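**Q** As a plain string of letters, each chain reads:
2 protein chains.
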Amino acid sequence: MTYCLGMLLESGLILMADTRTNAGVDNFSTFRKLHVLADGPDRQIYAATAGSLSVSQSVISSLQEDQLASETREHGRSLSEAPTMFRVAQLVGEAVERVGATVGAALERSHIDASTELLVGGRIGDGPLKLYLVYSIGNFIECTPDVPFLQIGETKYGRPILDRALRYETPLAPAVKMGCLSFDSTMKSNLGVAMPIDLLVLPADRAQPGISRRIERGDRYFEALADRWAELIYEAATGLPSPPWMDD
Amino acid sequence: MTYCLGMLLESGLILMADTRTNAGVDNFSTFRKLHVLADGPDRQIYAATAGSLSVSQSVISSLQEDQLASETREHGRSLSEAPTMFRVAQLVGEAVERVGATVGAALERSHIDASTELLVGGRIGDGPLKLYLVYSIGNFIECTPDVPFLQIGETKYGRPILDRALRYETPLAPAVKMGCLSFDSTMKSNLGVAMPIDLLVLPADRAQPGISRRIERGDRYFEALADRWAELIYEAATGLPSPPWMDD
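Residue numbers (the working numbering), protein chains in the order written: chain W, 247 to 494; chain B, 247 to 494.
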């Protein structure tokens with residue numbers, strides 16, 4: 247299992263991904279699922295992946311190879327040449343389709359789930375920050391301010407806190423905190439999602455530096471946050487009134 | 247979709263079920279999913295159902311018919327004769343198997359999901375309160391104090407609050423409140439779960455009366471609870487400190 251969260255806010259773009267992979271319950275490992283697809287002066291493009299690790303790694307590698315190829319001979323299919331983030335999402339979708347037709351088809355013949363989903367976010371040139379969710383068959387949706395986040399993988403446990411507390415206007419630092427709370431809820435309920443958590447922050451304000459950070463198991467901030475959150479939820483839940491039609 | 251929650255606590259048994267059913271998104275309706283299978287002086291047996299409505303209704307009806315039949319000629323397959331709740335769970339599992347072999351098989355030939363799950367709870371004679379989750383193929387698990395609740399249907403959104411705040415020692419009235427919070431989180435994130443909510447409470451103390459109640463849309467207690475809970479979560483989330491390695 248996996249949990250990846252992308253937030254597209256007035257203040258910037260945030261991507262978070264856990265690092266646990268497992269084949270069954272007896273084969274756990276740690277893999278990076280948050281990837282840098284481009285990080286140059288004119289474009290910053292990131293992707294987080296969920297689903298079959300062999301499929302998603304092939305998608306990421308094929309995108310990276312297309313970029314290398316474009317520097318020598320091929321044209322028009324490289325992220326380094328894409329004029330907009332919309333075109334980037336199309337290229338990622340095409341890569342998902344290509345890998346699905348080869349690796350994915352082979353896996354499905356062995357009745358192994360080959361589905362994969364990606365969050366793709368970033369910025370090209372003077373364009374705005376964008377965030378897309380690319381589905382298993384290559385189609386995609388774009389994040390909009392009404393619901394300023396997209397999730398892939400184990401999405402449900404960590405959603406209520408986002409529905410309740412995250413707004414398009416939330417500044418970056420508190421939004422990262424809410425992302426941490428969303429991951430905490432998910433990890434409490436599903437062992438297939440686990441620390442460390444990779445984090446990327448790209449501020450809308452180009453004068454502000456971006457942040458790339460791995461939140462490790464035992465991170466002091468994360469642990470204190472999770473403990474205090476558990477206390478607050480418990481206090482809030484126990485402090486609310488019981489139904490008036492029941493005896494206490 | 248559906249959400250049903252059973253809690254087996256030191257203080258008693260609680261069953262809650264929403265009433266929304268849908269075939270696709272354009273055919274919504276309201277059906278009772280919390281059923282009384284026996285309510286006599288020596289046995290109180292309740293079931294909540296999730297999954298294919300035609301399958302779960304057939305399971306409930308066949309259990310009720312078996313009871314009628316037992317009063318005339320058949321023996322050993324009726325809930326009214328079951329000596330223990332374990333035997334009740336077996337009989338429910340057998341009914342699920344029988345219906346799955348007929349109605350379920352027909353549905354699956356048309357590629358319609360025929361799976362169904364049930365929460366079965368209650369008490370027979372001087373025996374203890376019990377709660378079981380009966381799966382789609384008729385096998386079942388029993389609720390134990392380590393995790394004093396079982397869920398079926400849309401289980402994930404409403405689970406974090408239970409993991410954090412519900413204990414085996416929680417008294418009945420606050421436990422019903424936490425059940426309401428769990429339903430509120432689920433309904434906020436999935437339109438396929440909706441009011442009214444049916445509620446059954448069977449206190450462990452036989453001197454206390456049971457409660458059977460439908461919490462209607464617009465219920466004043468439920469609405470005030472949901473509003474206050476949203477405020478508390480928002481306040482708690484916004485009040486916690488942001489990461490120290492980010493500028494506020």
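Check the hints yourself; a few may be wrong.
Given that identical chains are not distinguished, each listed pair holds provided it fits within a single copy or across any two copies.
Simulated pairs of lysine to aspartate or glutamate, EDC-like, Cα-Cα distance not exceeding 20 Å [unchecked claim]:
#1 Lys376 / Asp392
#2 Lys376 / Asp465
#3 Lys434 / Asp392
#4 Lys434 / Asp409
#5 Lys434 / Asp312
#6 Lys434 / Glu400
The hints are simulated quantities; they were obtained by calculation from the structure and are not laboratory data.
Keep in mind the model is a prediction, meaning the values are calculated, not measured.
**Q** For every hint, state whether the structure bears it out.
**A** So, going through the hints one by one against the coordinates:
1. In this homomeric assembly, Lys376 and Asp392 come within 20 Å of each other (Cα to Cα) only inside a single copy, at 14 Å, whereas the closest approach across copies is 45 Å.
2. Taking the closest pair of Cα atoms, Lys376 and Asp465 never come within 20 Å of each other, the shortest separation being 30 Å inside a single copy and 41 Å across copies.
3. Taking the shortest alpha-carbon separations for Lys434 and Asp392, only the inter-copy value of 15 Å comes in at or below 20 Å, while the best intra-copy value is 28 Å.
4. For a Cα distance limit of 20 Å, the shortest separation of Lys434 from Asp409 qualifies both inside one copy, at 18 Å, and across copies, at 8 Å.
5. Taking the closest pair of Cα atoms, Lys434 and Asp312 never come within 20 Å of each other, the shortest separation being 39 Å inside a single copy and 42 Å across copies.
6. Both within a single protomer and between protomers do Lys434 and Glu400 lie at most 20 Å apart by alpha-carbon distance, with minima of 12 Å and 18 Å respectively.
The structure shown violates the earlier hints numbered 2 and 5.
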